[in-house]
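> Spelled out, the chains give:
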Amino acid sequence: MAKYIIRRILWTIPVLLTVILFSFLLMKAIPGGPFTREVSLPQQIVDNLNEKYGLDDPWYIQYARYIYHAVQGDLGVSMTQRGRTVTSIVGNAFPVSMQLGLGSFTLALIIGVPLGVIAALRHNSWADYLAIFVASIGWAIPVIIIAPLLIYFFSVRWRWFPAFGWGDTERMVLPIIALGTGFTAYFARLTRSAMLETLQQDYVRTAKAKGLPWGKVVWRHVLRNSLIPVVTQAGPLLGFLVTGSFLTEYIFSIPGMGRYFVDSVTNRDYSIVLGLAVILSAVIVFANLVVDILYGFLDPRIRYD
Amino acid sequence: MADDRGLYTGDNPKHTSYPEDAGHLPEQSKLATGAAHGGAEAGELLYPEQRTLWGDVFRRYVRNQAAMGASAFLFLLLAYAIIGPYLRPYGFADIDYSVAHQLPNADHWMGTDMFGRDLFVRMAMASRVSLLVAVAASGIILAVGVIYGSVAGFFGGILDDGMMRFVDILYGLPYLPFAIILLVILGGGIGPMLLALAVVSWLTPSRLVRGQILTLKQNEYVEAGRALGASRGRIMFRHLLPNTLGIIVIALFLEIPANIIGEATLSFLGLGISAPNASWGTMALEGYQGLRSHPWLIFLPAIFIAVTVLAFNFVGDGFRDAIDPRTRETR
Numbered sequence: 001m002a003k004y005i006i007r008r009i010l011w012t013i014p015v016l017l018t019v020i021l022f023s024f025l026l027m028k029a030i031p032g033g034p035f036t037r038e039v040s041l042p043q044q045i046v047d048n049l050n051e052k053y054g055l056d057d058p059w060y061i062q063y064a065r066y067i068y069h070a071v072q073g074d075l076g077v078s079m080t081q082r083g084r085t086v087t088s089i090v091g092n093a094f095p096v097s098m099q100l101g102l103g104s105f106t107l108a109l110i111i112g113v114p115l116g117v118i119a120a121l122r123h124n125s126w127a128d129y130l131a132i133f134v135a136s137i138g139w140a141i142p143v144i145i146i147a148p149l150l151i152y153f154f155s156v157r158w159r160w161f162p163a164f165g166w167g168d169t170e171r172m173v174l175p176i177i178a179l180g181t182g183f184t185a186y187f188a189r190l191t192r193s194a195m196l197e198t199l200q201q202d203y204v205r206t207a208k209a210k211g212l213p214w215g216k217v218v219w220r221h222v223l224r225n226s227l228i229p230v231v232t233q234a235g236p237l238l239g240f241l242v243t244g245s246f247l248t249e250y251i252f253s254i255p256g257m258g259r260y261f262v263d264s265v266t267n268r269d270y271s272i273v274l275g276l277a278v279i280l281s282a283v284i285v286f287a288n289l290v291v292d293i294l295y296g297f298l299d300p301r302i303r304y305d
Numbered sequence: 001m002a003d004d005r006g007l008y009t010g011d012n013p014k015h016t017s018y019p020e021d022a023g024h025l026p027e028q029s030k031l032a033t034g035a036a037h038g039g040a041e042a043g044e045l046l047y048p049e050q051r052t053l054w055g056d057v058f059r060r061y062v063r064n065q066a067a068m069g070a071s072a073f074l075f076l077l078l079a080y081a082i083i084g085p086y087l088r089p090y091g092f093a094d095i096d097y098s099v100a101h102q103l104p105n106a107d108h109w110m111g112t113d114m115f116g117r118d119l120f121v122r123m124a125m126a127s128r129v130s131l132l133v134a135v136a137a138s139g140i141i142l143a144v145g146v147i148y149g150s151v152a153g154f155f156g157g158i159l160d161d162g163m164m165r166f167v168d169i170l171y172g173l174p175y176l177p178f179a180i181i182l183l184v185i186l187g188g189g190i191g192p193m194l195l196a197l198a199v200v201s202w203l204t205p206s207r208l209v210r211g212q213i214l215t216l217k218q219n220e221y222v223e224a225g226r227a228l229g230a231s232r233g234r235i236m237f238r239h240l241l242p243n244t245l246g247i248i249v250i251a252l253f254l255e256i257p258a259n260i261i262g263e264a265t266l267s268f269l270g271l272g273i274s275a276p277n278a279s280w281g282t283m284a285l286e287g288y289q290g291l292r293s294h295p296w297l298i299f300l301p302a303i304f305i306a307v308t309v310l311a312f313n314f315v316g317d318g319f320r321d322a323i324d325p326r327t328r329e330t331r
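Protein chains in written order, with my numbering: chain A, 1 to 305; chain B, 1 to 331.
Check the hints yourself; a few may be wrong.
[What the hints assert, rightly or not] Here are some chain A residues the structure puts well away from chain B; computed CB gaps all over 10 angstroms:
1. Y68
2. G73
3. T80
4. R84
5. T87
6. F94
7. I110
8. M172
9. R224
[Unchecked claim] Here are some, though not all, of the chain B residues that point toward chain A, as calculated from beta-carbon distances under 10 angstroms:
10. N64
11. L176
12. V184
13. P257
14. F314
Honestly, the hints are just simulated from the structure, not real lab data. The beta-carbon is built from N, C-alpha and C at its ideal position, and this holds for glycine as well.
Bound conformation, chain A alone:
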């Protein structure tokens, strides 16, 4: 197990290096340099700027230099916002995205999992059908639809919550619901199907047959074993929640990583785009790592070679 964990951790290094390389090369392929303006700068100034930022060197030198600095926590400086480092921008934006992602994740867990459990325990009853129906709809509505609808009803029409910004609790409500709904539905479906599968296992029948109270059977035998697939799905989802909040941040004007990313792509701010892509990849790789390790602890049947 320890050997597996170490190997798994070491494996993230080539993954991250390759992912950064891809982002790096893609960024080089974007037409128009960072100093392309509507009013073109004198050639001399462009040359000086290119030299200052090392943009004249071959790509592998630039890549090596980037990695060298990135390891030390230096992701370069913003090319459009003078005097701001990418690290400071990411440092401001990451906690915001994190709050949004974790908020939605918590919402999905505390509503989705119990919903799935109830649906499975009342299999083929009206409660089950209602839960599947709600979950199917929740899963089918993307953020670009649910977010404007939430804004329309809760901010424009009824004026319950503000529609823009971040920070106060009341500003967080709508974005968290917008991002969390799909995942709540997903968790509900996942939990339900895992529960139904576990309920048919022999050990559940045995537990029932030996006279264990039903609540105890559900809690100790069914629920625990059902949560394994939920956890394995939840990990990548956690990474996705932190990174996949682009639209939510875009629509609700939240100063998170997604918002900065979209803005920086439009402004051709290479270094911010690259820095954010690197951080996002790192989050995903890390989330996958945690899940793989957690999986081993949760399910002792899994053997690692």
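Model the placement of chain B on the given structure of chain A, informed by the hints.
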């Protein structure tokens, strides 16, 4: 030789006639067909009809009401997307400010937008684009995934290791940021949109197909085929790939709604399809921009996207249950 035959005939009286019949082929074939007919008739008593795998799948699918309802809706939607623009005397990009911001009425069945464009026609064109993009992207994703996964799973060894390590690495790519960067590099339009949707999404189907091929390879019939001298190609295309068709079809129907949402998302960000062309994403973007004063503009694409995604999910679930009825109990 004679001894052998003698032994054989002794064992099984039926075979005694075999060498003599060889000279009377026509009669023998008549006899054979007669026997075959007799066999079929006898069989009919036991099995009411000939059953095939896909016949069974179809029969089970038709019994699923949710899936059938969803299929009917999707056919209607397809018909609307194809003939919708010809039903009304408006162009999808015709601007007429005198009729801007109308709710559905007799002249404009789905109302008009801020430029007075007829939404019935515009929605039909948007449906064309969105459905086309989603289906084409799903096709590309599955084609790449199936080829990649089956090659890795079939040949195994170092090749498999290398190919799957590559997939593992790409799993570290965040999907949306890369799609966005790609669209910025390539500019908007349908082709770049397909590439952006497909670039990371083929990973999951390739893992799925590889896993399936690895399992199938263990089956006795593959070993039997190999023992009989079947070529690798024959084993691959006759024995392995047809058996993965089930999961491929299921994956296709799960991939399409994901790509509908993907296209809508990227167009909503102003990257993919752009004005005056329409897709569900651009319609949602326009609706979002006019949200405060004219909510109908967001309700319309919202209904289309949500119901279509729901319908594809139902069809996909229906297929899965029909192909593998065991899943029905648990899902």
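> Mind listing which of the numbered hints don't hold for this structure, in increasing order?
Violated hint: only 10; rest satisfied.
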